[in-house]
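Listed here are the chains, written in short residue letters.
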Amino acid sequence: MEKIIELKNINKNEAARYLGYRDTLPDVETTKTILECEAELLKVIRPQYVYRIFDISFEDDGVHVLGTELVLKGESIKNHLSGCKKAAIMCVTLSGEVDKILRTNEVNNMLRAIIMDALANAAVEQVCDEVENIIEENIPGYCHTWRFGVGYGDFPLSTQKIFLETLNAPKQIGVCATESCILTPRKSVTCVLGLSADKLDNTEKSCENCSMHGKCAFSKDGKSGCGK
Amino acid sequence: MRFNELLETKEFVILDGGMGTMLQKNGLKIGGVPEVLNITRPELLTSIHREYIDAGADIIYINTFGANSYKMKETGYSVNELVQAAVKNAKAATAGTQTLIALDIGPIGQLLEPTGTLSFESAYDIFKEIVIAGKDADLVVFETMTDLLEIKAAVLAAKENTDLPIMCTMTFERNMRTFTGCGVSNMALTLEGLGADAIGVNCSLGPDELMPVVEEMLRWTNLPVIVKPNAGLPDPVTNEYDILPEEFSKYMLQMADMGVKIFGGCCGTTPDYIRTLKKALEGKKYKGVRKQIPAAVCSSSETVEINQPRIIGERINPTGKKKFKEALIKHDMDYILNQAIEQTHAGAEILDVNVGLPEIDEKSMMVDSVKAIQGITEAPLQLDSTIPEVLEAALRVYCGKPIVNSVNGEDKSLDTILPLVKKYGASVVGLTLDKDGIPKDGDKRFEIAKKILNRALEYGISRENVYIDCLTLTASAEQDGVVETLKAVKRVKDELGLKTVLGVSNISFGLPNRERVNHTFLALALENGLDLPIINPNISSMSGTVRAFRLLKGYDKNSREYIEAYNIEQAGNEKQTDKQAGNSGNITLEYAIDNGLKNDGARITKEMLKTMDSMEIVNEHLIPSLDKAGDLFEKGKIFLPQLILSAEVAQAAFGVIKDYISSKSQDSVSKGIIVIATVKGDIHDIGKNIVKVLLENYGYTVIDLGKDVDYQAVVDAVKEHDAKLVGLSALMTTTLVSMEKTIELIHENNLDCKIMVGGAVLTPDYAKQIHADFYAKDAKESVDIAKQVLG
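Protein sequence lines, in the order shown, are assigned to chains A and B.
Letter by letter, the first sequence follows residues 1 to 228 in the numbering used here.
Letter by letter, the second sequence follows residues 1001 to 1791 in the numbering used here.
These are computed hints drawn from the structure, not numbers from a lab.
Bear in mind that the values here come from a model prediction, so they are computed numbers and not experimental data.
Hints may contain errors.
[Unchecked claim] Distance ranges between label pairs, derived from CB positions:
#1 B:1559 to A:24: 44 to 54 Å
#2 A:154 to B:1005: 54 to 64 Å
#3 B:1616 to A:24: 34 to 44 Å
#4 A:60 to B:1041: 21 to 31 Å
#5 B:1279 to A:137: 39 to 49 Å
#6 A:57 to B:1026: 20 to 30 Å
#7 B:1769 to A:158: 43 to 53 Å
[Stated by the list, open to error] Okay, derived cross-link-like pairs now, EDC-like style, lysine to aspartate or glutamate, Cα gap no bigger than 16 Å in a straight line:
#8 B:1637 to A:23
#9 A:78 to A:59
#10 B:1073 to A:179
#11 A:3 to B:1242
#12 B:1768 to B:1744
Backbone N, C-alpha and C define an ideal beta-carbon position, used for all residues, glycine too.
Please construct the entire structure, taking both the sequences and the accompanying hints into account.
So, in structure tokens, the structure goes:
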């Protein structure tokens, strides 16, 4: 039986960071609005997810996901999965109602729109965390790498369509990609976890192993990165 | 045998089971394209079909679920080849049997606008190609659909290009909705209206969990109902399903008792399931009964049952509204959307949409408005135009079951409008007037209502879908007419049993204190049987009268809705008054902008206009305050939410100034025109929308083309508005190409305008490389650029 994920709250510190707050906390009024927006969003967020675990093999043209048509291309994903015999591929979404509430607020209340957008981004990461936990439970004895997103580094965004088909994601959780490989509904994520029975050294994401190292907005001002 | 004969002669119709399940057992890789096997392994398909026929299937689905041009693009085969091969394989299997062949069509695999980028029109074309390729099948089935608009495009494509009978099944989750939020009643009302031959559910859940969905569906349709569940739920690791054939059949038998006619299996089911099912149903009798379907209209996610007075909001209509007319001419969709949001918040349950203006192309405006309004509100719409072509265009793209406003008692009107109402499965407002105008006598209006009803019935429109408008006359001019209208409403309601609709506000034209007359007349009309008052819900005495009426008549059980509406309103009012009282000292516009006080900003601006020139307010107060906020934002002293809040106060202040200027007919305050767009293929437009808010508050006129904008549309807008600055945004590496192409096209057309670009993945270097004139790192910088270019 699949486990149903329910979000009871959203990581508001994370959302505040997306809104640009780093060393300061949002003021009282903004905090109040963030709380209102959180309550409104939680009413429409319906977390859905799908994942599958496959054996993988490293070939010249990329990492083959065995038993499927999926090939993971690019140096960065190859490095990321090195030492792994299996990989979990997953897709999560907050569902389409979130898109609608964002659209409505963009028309009549931009403040709430940007706050909800940031909250939704934080929420989708939380759902990913939950799915990671579920995967851990289902494959005991394995440790896993951090989540490597489709389109991250040189892992081509054009993998999106076949990635979704492999998970049967359009049918199972209603996630599709546009011609430009953008996921719809918008607050959705596709990513890969490397799994290994041996110890791995890339279980946590850090500035050093990030493809945006030295380029990202968070580190431009010389301070430490995004905090992930 | 034909599909309708099958329905008539058999107690129950048996469909086949899973196809993907069978193909994967036979070596199809996960993520592989099943349709290619139609050509590479025809014998496999024929043998699977045979297994299902042997198991007892009356109808088999051919292997064309994903055979659309989008999904098949990289297979090297055409849609036509793959579909015809599938038909051929199936015919080889059915030869010598009575089994029918269903052309099986699933979702395209891309979401439609506004969540995705696929337009309704493109979806229609994609389905059209498949149904034409598969016209040799015995029927067509659209299955596993989750978007009501997508399946509507599919049904229209089948109806307009083939004679095939149509079965439709959608996929519901435990919350009784599809992934896109479509409800069961919404599906049933819409698809029965469009002329589907059978409707139902498939996939997603096992038969036990589908029970409540099926029960709800049976309440909302008289069509044969289809159930094609999964074999329970898949295990996420092994992908095995958890319900065996016997248990599967047990639940299906319960559904036969509920009134289901057509049975089959979806993912995880095999010929064993079908065989067991067939056996279990033997000797059972079909329990379908004809029932009265509730009078109702719907969008994709909201069904409004007309079982008590329902408010139709009248505000989306340019008649007598200068600002609305300007918005239509400027194609300012946000203005219209705000009218929609305001009315639904005030209590409107259905929205009338009229965008007729001689200066504009009403048809395209109507289509754009219907699409945009449905993107942000759940309220069903009443499509309002005097031009049949406009109504038909709106009816096509409308998602759900709308009301058509209107037809009248003239033959020409009846014979033009009613066929459209029938074809698209809408409800219709019938005005009780004819070539001689509005009869003074209420009884004569009743006669016209009867004529409209009879003609509607002749066209196959059922009586619960005919709403009669007995027409409100102006009390000051025709005082005796008031009781005639009320009398006609009562007779139509009592004697014809039809729902009634009435535009209310006209009653008080030419009188002082109109509001008082309006809501008193509204109460009278409601008591005489008015179901659908068309009113301005933003006037609280109007929506309040309807709410109070529903309470007093016992529709609003335990006064729940009434209390909900006014408890919140009162609390909100108190809060606002407090806030204003606390700040009502000598605060300035600058203070209001710094502190995000929207109401104060507007109020102070009104005060200032009494003694100050409007441009002075803009240049000496508004813009310096915004500059200050922008400066603080740049320095990291304030953050995006505060910047936006300041901008919203400025927007409120600007609104006051614009109203003032338009009332004085002075020149506009625009500092120049800027065209902005999120480029083709990209749908991340929040950044662009933030830029828009800021630019507008600096007094620039912003022509917002939206997201996923064609290259040519940008060029056209620059030409049309003679814009000197264009802002383009893109958020994905995959859409930067579109940005480059848009810029190329602007340059090819030798347009005298500067181009600024922005977006997360963009860098100043890349901006230069694609020949943009400016790179804006954030919304604040776009304002600096605008100042530099336009002053």
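Now for the hints, and whether the structure bears them out:
At roughly 47 Å, the beta carbons of residue 1559 (chain B) and residue 24 (chain A) sit within the given window of 44 to 54 Å. A hinted range of 54 to 64 Å for the beta carbons of residue 154 (chain A) and residue 1005 (chain B) is consistent with their spacing of about 60 Å. Distance hint for residue 1616 (chain B) and residue 24 (chain A): a CB-CB separation of about 36 Å, consistent with the stated range 34 to 44 Å. The given range of 21 to 31 Å is respected by residue 60 (chain A) and residue 1041 (chain B), whose C-beta atoms sit roughly 29 Å from each other.
Against the hinted window of 39 to 49 Å, the Cβ-Cβ separation of residue 1279 (chain B) and residue 137 (chain A) comes to about 40 Å, which satisfies the hint. Our hint of 20 to 30 Å for residue 57 (chain A) and residue 1026 (chain B) holds, since their Cβ atoms are close to 23 Å apart. The hint said 43 to 53 Å for the Cβ distance between residue 1769 (chain B) and residue 158 (chain A), and at roughly 22 Å that hint is violated. Using a Cα cut-off of 16 Å, the hinted pair residue 1637 (chain B) and residue 23 (chain A) holds, with the two alpha carbons roughly 11 Å apart.
Between residue 78 (chain A) and residue 59 (chain A) the alpha-carbon distance is near 10 Å, which keeps this suggested pair within the 16 Å criterion. Distance hint between residue 1073 (chain B) and residue 179 (chain A) is fulfilled; the C-alpha atoms sit about 12 Å from each other, no more than 16 Å. The hinted pair formed by residue 3 (chain A) and residue 1242 (chain B) meets the criterion: a straight-line CA distance of about 15 Å does not exceed 16 Å. Proximity of residue 1768 (chain B) to residue 1744 (chain B) is assessed by CA-CA distance (about 13 Å); at most 16 Å being required, the pair is judged to hold.
Violated hints amount to a single one, hint 7; each of the other numbered hints is respected by the structure.
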